[in-house]
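**Q** What follows is the residue order along each chain.
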Amino acid sequence: MNRLSLALSRVIARVADSALGPHQTAVIRIGFSLTWLLFLLREFPHRQELYGPDGPWEWDLADQLVTTNDAFTVLLWSDGRLWFEAVYALAVLWSLLLLLGWRTRTMSVLFMVGVLSLQNRSVFMGDGGDNVLHLMSVYLVFTRCGQVWSLDARRARRSARARAGGERPRDRVGPALWSVLGFLLLLATLAGRTDGDPFIPALLWTVWLAQALWWLAGRRPRTGQPRILLDVVANIVHNGALLVIMAEACLIYATAGWYKVQGSRWQDGTAVYYPLHLEYFSPWPALADLLSASGTLVMLVTYATVAVQVAFPFTLFNRRVKNALLSFMILEHAVIAVVLGLPFFSLAMIAADAVFLPTSFLRRLGGLTARARGRLSPRRDAAPVPGPRSPAGRAAGETSPEAAPVPGAVPGPRT
Amino acid sequence: MNAYDKGSDARHGPAGPGAPHSDAAPPGPVPAVRPPAPGTPPRDSAGPADRPPGARTPGTGPGQDGGSGAHPGAGPGSGPDTGSEAGPGPGAGPPAEPRTGVAALSLRYQLGAAVALAVVAVGVCAHLGLTFLHVAPLNTVSKQHRETIDSWIYPEFEQNWKLFAPNPLQQNIAVQVRAEIRTTDGSSRTTGWYDLSARDGRAIDGNPAPSHTQQNELRRAWDFFVSTHDSDDRPVGLRGALSEAYLRRITVMRLDRADAAGPDGVVARVQVRSRTANVPPPDWSDEKIPTTPAYRVLPWWSVPGDESRGGIG
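In order, the protein sequences belong to chains A and B. Just so it is clear: in the first sequence, position 369 is 369 by full-length UniProt numbering, and no numbers are missing. Just so it is clear: in the second sequence, position 139 is 139 by full-length UniProt numbering, and no numbers are missing.
No lab work stands behind these hints: they were computed from the structure. A quick note: this is a predicted structure, and the numbers were derived from the prediction, not measured. Ideal Cβ placement from N, Cα and C applies to all residues, glycine included. A portion of the hints provided could be inaccurate.
[Unchecked claim] To be clear about the criterion: a stretch of chain B counts as covered by chain A if any three or more of its residues have a C-beta under 8 Å from a C-beta of chain A, and this derived list gives those stretches:
{"no.": "1", "region": "196-203"}
{"no.": "2", "region": "207-215"}
[Claimed, not checked] Here are the simulated distance ranges between beta carbons:
{"no.": "3", "chain 1": "A", "residue 1": "Leu6", "chain 2": "B", "residue 2": "Leu138", "range": "18 to 28 Å"}
{"no.": "4", "chain 1": "A", "residue 1": "Ala311", "chain 2": "B", "residue 2": "Pro166", "range": "14 to 24 Å"}
{"no.": "5", "chain 1": "B", "residue 1": "Thr183", "chain 2": "A", "residue 2": "Val180", "range": "28 to 38 Å"}
{"no.": "6", "chain 1": "B", "residue 1": "Pro166", "chain 2": "A", "residue 2": "Leu331", "range": "23 to 33 Å"}
{"no.": "7", "chain 1": "B", "residue 1": "Pro280", "chain 2": "A", "residue 2": "Leu177", "range": "17 to 27 Å"}
Generate coordinates for the entire structure from the input sequences, incorporating the hints supplied.
**A** Shown next as structure tokens:
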């Protein structure tokens with residue numbers, strides 16, 4: 001019993017005291033925002049046809065459907081061309097800023113608004129990749145996905161350094177952003193634009209209020225209990241959302257796998273042949289013919305696909321097996337991207353897979369990226385290297401400034 | 001994060017492999033300021049930044065059960081932790097950071113954290129449970145709670161992962177259209193069939209990133225139409241009417257792009273049909289499958305004036 005409560009208290013401390021998986025959440029943030037950004041850029045020439053007020057799924061048709069399903073989309077707030085262009089451009093901007101991790105929490109909310117607005121506006125344009133992005137954009141809002149590999153992390157390091165040097169950095173952008181967005185949200189609510197399904201509007205208001213609380217608590221003395229409590233709550237919410245993201249990925253694979261088991265084509269080992277010969281999914285017919293030239297090979301790939309999809313959730317209990325299957329699935333999605341002509345679906349799935357990548361691998365990847373970037377541009381604010389970099393560090397004697405004010409615990413910039 | 005990530009992989013901030021494991025750190029108010037192990041290479045650009053050393057230790061350290069204070073009923077065990085609020089650790093030059101985590105909270109606030117934990121735990125379980133029931137086949141539980149499930153899942157958490165399952169589509173379904181063109185001199189003519197899906201297929205050929213307009217638009221519009229019409233092509237409900245308007249607008253837009261009406265004509269009516277052909281079985285298979293295509297021909301639809309003048313995207 002004692003061991004049990006000890007173990008329980010460890011688990012509680014673990015989920016309450018830190019936002020787990022900082023690298024994993026950062027990599028999925030980058031992955032999903034990059035997928036959406038590339039998609040929006042690719043579809044830029046077709047944006048009117050896909051989401052514009054005069055496209056085949058015209059504003060009036062979408063409005064009738066959304067009135068019945070109550071989905072959230074700002075695109076139906078006005079049928080003006082200008083409004084549409086502005087929302088599309090903002091969706092591009094928001095995904096770029098989320099990718100960079102600038103004001104990550106706020107951008108994750110706006111990213112979600114962009115994704116939902118476009119997708120719910122034209123539901124019949126999407127495919128599985130859009131569906132993944134739709135769900136993940138909502139889940140990302142609950143995470144602290146800007147802890148590493150983000151402009152926020154860089155800003156946190158800088159302000160920590162400034163603080164160590166005795167300065168008191170002030171943040172003006174945050175409150176300004178908060179005020180503008182709050183004003184817009186208030187306007188939309190008063191105008192009755194958020195009267196559909198209450199979930200998304202409630203989420204928007206909750207995040208907005210939470211940020212106000214966070215800011216207020218940060219103005220209290222630095223050891224203030226409210227701030228620590230908010231930090232703990234944010235950690236708990238982050239860890240819950242991370243669990244949901246991982247479970248969602250498992251649900252995707254489990255569903256895809258278990259339904260396949262029931263299909264006769266997956267049983268007789270020919271299933272993989274068919275998508276390769278559908279007009280809509282064969283950009284490279286010669287390649288498809290080559291891949292399906294051998295019946296044995298097709299059968300092996302067919303069986304492996306089902307086996308891996310069904311097995312994946314269970315392999316999470318063993319690191320090595322999980323990593324082996326993960327590489328197989330990432331590879332398979334890369335192949336699907338080319339062979340079936342589904343690059344954005346595949347990119348979204350690979351981003352979802354990335355939440356299971358081991359920390360050591362992600363750190364190496366981060367190191368490589370940092371070095372590559374360092375070669376391209378002079379390092380101005382790279383990794384915080386312990387040592388005599390900041391004059392404040394020398395002044396403080398043995399105390400390394402980087403170890404002292406840790407952004408993770410610094411009230412201001414963490415989102 | 002891995003489900004079995006036991007924290008052995010460089011999770012403890014600046015302390016490198018050779019440095020003392022932070023679990024072995026003394027319990028109690030840990031000095032918030034700890035110099036990194038001398039000579040420890042920076043293992044990660046964000047190592048020290050994202051992982052407050054002082055913040056992690058208290059929760060995981062042995063004997064530091066203050067963390068359990070977050071659990072309702074742990075009671076006064078959190079007494080000593082409140083002392084840690086008192087301020088900077090020993091030897092801190094610059095203003096030291098406050099401790100974080102449940103251990104640094106007073107009992108009153110720990111209760112708040114416990115409530116948050118309970119709410120999030122219930123929320124996560126409920127969401128995952130409902131999502132599971134939504135994607136699973138209809139079963140005893142999901143039949144009983146269908147309304148609850150639907151009211152939570154729709155509209156934003158709807159999902160369908162039957163990717164190429166239970167069986168992949170084994171037919172090429174082509175949507176074709178022909179038009180009745182009315183010319184300025186009052187006469188009218190009927191065009192031949194335009195195979196719009198074949199045009200999509202040609203646009204996709206050799207295309208590394210096919211557009212949704214080529215890959216999804218017509219294909220899914222036809223699926224939408226079929227799922228909202230009965231076998232006599234009568235629309236079912238509002239969605240049936242919407243799908244008809246949608247399909248008509250797509251075909252008119254594409255006829256316009258193909259300049260089907262010519263310089264002096266307008267599209268007055270359109271007729272849509274589908275051509276369903278089995279994918280021929282692979283060479284190495286001895287299956288025999290009929291290759292004659294099946295057609296489903298819809299009635300003629302009149303095109304409203306504003307649409308036929310090319311007012312579409």
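**Q** For every hint, state whether the structure bears it out.
**A** Outcome of the hint check:
For the region 196-203 of chain B, the proposed coverage by chain A is satisfied: 4 residues have a C-beta within less than 8 Å of a C-beta in that chain, meeting the threshold of three. Note: the region 207-215 of chain B has 8 residues with beta-carbon separation from chain A under 8 Å; the three-residue rule is met and the coverage holds. Taking the beta carbon of each, A:Leu6 and B:Leu138 are about 43 Å apart, not inside 18 to 28 Å as hinted. Our hint of 14 to 24 Å for A:Ala311 and B:Pro166 holds, since their Cβ atoms are close to 18 Å apart.
The hinted window of 28 to 38 Å between B:Thr183 and A:Val180 is violated, with their beta carbons roughly 55 Å apart. With their beta carbons about 24 Å apart, B:Pro166 and A:Leu331 fall inside the hinted range of 23 to 33 Å. Roughly 58 Å separates the CB atoms of B:Pro280 and A:Leu177, a value that falls outside the hinted 17 to 27 Å.
In terms of the numbered hints stated before, the structure departs from hints 3, 5, 7, listed from lowest to highest.
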